[in-house]
Amino acid sequence: MNDAIEAIAARIKSAQAQGEPLRIRGGGSKDFYGGAHQGAVLSTGSLKGIIAYEPSELVLTARAGTPLAEIEATLRERGQMLAFEPPHFAAPATFGGCIAAGLSGPRRAYAGSVRDFVLGVRLLDGKGDDLRFGGQVMKNVAGFDLSRLLTGSMGTLGVILEASVKVLPLPVAEATLRFEHTAASAIALLNEWGGQPLPLSASAWRGGELFVRLSGARAAVDAALHALGGEQFDAATATDLWQDIREQRDAFFDSALPLWRLSIKSTTPPLNLAGRQLIEWGGSLRWLATDADAATVHEAARYGGGHATLFRGGDKCAGVFQPLPAAMMAIHRKLKQALDPAGIFNRGRLYPDF
Amino acid sequence: MTNPVAEPVNQIRQREVVRALSGVLPDAALLFEREDVQPYECDGLSAYRRLPMVVALPDSEEQVRDILRICHRLRVPVVARGAGTGLSGGALPPADGVLLSLARFMRILDVDPASRTARVQPGVRNLAISEAAAPLGLYYAPDPSSQIACSIGGNVAENAGGMHCLKYGLTVHNILKLRAWTIDGELLEIGGDGLDAAGYDLLALMTGSEGLLAVITEITVKLLPKPVRAQCILAAFDDMGRAGQAVANVIAAGIIPAGLEMMDQITTRAVEPFVNAGYPLDAVAILLCEADGNDAEVAEEIARMTAVLQDSGATEIRVSKNEAERLRFWAGRKAAFPAAGRVSPDYYCMDGTIPKKALAPVLNAITALSAKYGLRCMNVFHAGDGNLHPLILYDANRAGELERTEQFGAEILKLSIDAGGTITGEHGVGVEKIDSMCLQFGGAELAAFHAVKAAFDEHALLNPGKAVPTLHRCAEFGRMHVHAGQLKFAEMERF
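Protein sequences appear in the order of chains R and A. 6 is the number of the first residue of the first sequence in the numbering used here; add one for each residue after it. 33 is the number of the first residue of the second sequence in the numbering used here; add one for each residue after it.
Some clues are possibly wrong.
Capping the alpha-carbon separation at 27 Å, the derived lysine-lysine pairs in DSS-like fashion look like this [what the hints assert, rightly or not]:
hint, chain 1, residue 1, chain 2, residue 2
1, R, K53, R, K339
2, R, K53, A, K389
3, R, K339, A, K209
4, A, K209, A, K254
5, R, K53, R, K132
6, R, K53, R, K18
Calculated from the structure, these hints are not laboratory results. Everything numeric in this text was worked out from a predicted model, so none of it was measured.
Only chain R is shown next, with the shape it has when bound in the complex (with noise of 0.2 Å):
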């Protein structure tokens, strides 16, 4: 492993030299992702394997390029999961890119989101120095969270050699049910039961139909199955729901027109915007397939106290993602500089400028 490693670092050390972009990649799974591609592709695919992992400790550690669905099984046969359920999009997906790319999934709202569970980070900074931040423990303080920054910096700030993420016991129960509602009463229902002291680890609307999941104790589970009413699903129809709507595959997704990830303040209105909606994650996010323009959907987002993503298709030329005030993106490229002086990594991936 050693070898992989140092030929990485090697040639991040030449591209540096020679101002080289190079893009990092793991399975490939998130290349639709951001903003377009630039440079030579660096891949982490030498990169395998789970280092360490011990259920009582509610840690696991790989290796960057070990494929997600390897690690799910492995914590699926002790019990375990990664709670914040991020999708793979694609069978190659990989440990480094699901943490590169901070993506998460139905159960985000509830558990938590892929930041919130990393632990530690190795990583290959600009200049080919191998640096750890964080560790496997899940109070710590020593130093600035860098594992966190580098968690959904889209590859922007350095090559991640391994992670450790805390991991979750699987709910003991769990069901699903659906209700008819309009999006206006799906955002207000969802809200109210968010303050309410419910099992609630999923949610989606769309086309008038509202869906909730509960997990937990068989009791809480129980309780909260009588108190909300709806129509409960089977098991299986349940799993491939809200596989569906983690992976995209669901119908909603099968649009030609560009699809806008909204993240907003979890009572905004339903979205005044042409196009059909996907709201999950307790009204906080909003998936939106629709022609408007950039500006119109990011005026949309600020609206909500959130920000928008141009998530599929449509135009990347002006970028993807929200552009930021003055001050931040000054604080932004200033980090870029320190970790990447060189700007060697993924150019242009997260923001046109770096």
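Please build the complex by placing chain A on the supplied structure of chain R, with the hints as guidance.
Structure of chain A alone, referenced to chain R:
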């Protein structure tokens, strides 16, 4: 832990800074006479004291911005301070700078029951947020022991935890948005009203940054629905190893307790006369294991945990029969620090975190160190997440005891690192553990920390000398601590 000698105030510099700040602050918000700045000489770690040159007490964002701009222009160090309850000397004032107190930022600006969020100023006390949210059936989850007094701004600066963070997370998991000001007076709106934000995760970077990156003037926190009920198990063990294994067994059984705390015998014997909790004083260690949720859920989880604890060799198990008994179980745990103060003139609290599997060997090693240094040590800790709080008991008036305590503490931190853990789980590095940072991180990591610091604060004016040691300091420190025959900073020039 030696007190710095009182440095003479540079009166010309002081006059210059006071004159500049008096243009943006009323007289009552600007302190510089010795007797006025004295109350700010230390935070919760009173072994470190230093008088600030100037104390500024702004009450508006505009004043904070203007103070920072002036200090940036004059190159004056600035140390932000909340309630001053920190345990690592993070708010130790600058002798040549401004102590920026945020105590007047004490308003809860908004509690929104629909989105379950509260917008608060940094000087608001942690517990006051939960009190304001209580009529809505909501609360703010992170509950450091000092929650009666500590402020939310300080909680963000330290990424504070508490008794319930195994299940409900740390500060970083429970905040959404910050308004923060850079040293050059630029406003950063970090995070958002949604669950994530565009760009780098500056919300995570700011959390636990110990006041080195920016000054926070507003925080939006998440509120959670209050569980219907909580119940607690008290389990006694006659062996430290078995108690440690029981902790691992509970987690391995797929249970995430709302709280999972351990106390050793020295601790239970010290706190019992204080709180009359009815602890079994013959036990080598006791565990407190809590479940929360609705009635049926709590009953189910208590039954499962009881079975695991029994199988793990508990010598006695008590389940709280009512809320009064549950609170009595916890009373001793919460009173551990005051009790330490009762049985010893001084105590020194450590904060390492280790993997749970290392609990028994590390605790045994601490017992051996206790004998080596001839100092008693109480062990109370957040067992569920491996966060140790050894309390070293000493008497500062006895010659050499403070120094021995300091060495004992440093050895505990090294034990934590060697066990695969960290020197600080929730109290921060501050000035206290700055040398131990040299053991936990290599030169390249420290250089990266300094580069990140410089991205926000080029001239290193915000809380200088805290949290991240200079490479030079580590080289000096490393000269005294050669690990396994290897010099950690072999690449450094020696002086």
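Outcome of the hint check:
1. K53/R with K339/R: violated, 32 Å
2. K53/R with K389/A: Measuring from Cα to Cα gives roughly 26 Å; hence the hint holds.
3. K339/R with K209/A: Roughly 21 Å separates the two Cα atoms, so the pair holds.
4. K209/A with K254/A: With a Cα-Cα distance of about 10 Å, the restraint between K209/A and K254/A holds, given a limit of 27 Å.
5. K53/R with K132/R: holds, 23 Å
6. K53/R with K18/R: Answer holds: K53/R to K18/R is near 22 Å, not above 27 Å.
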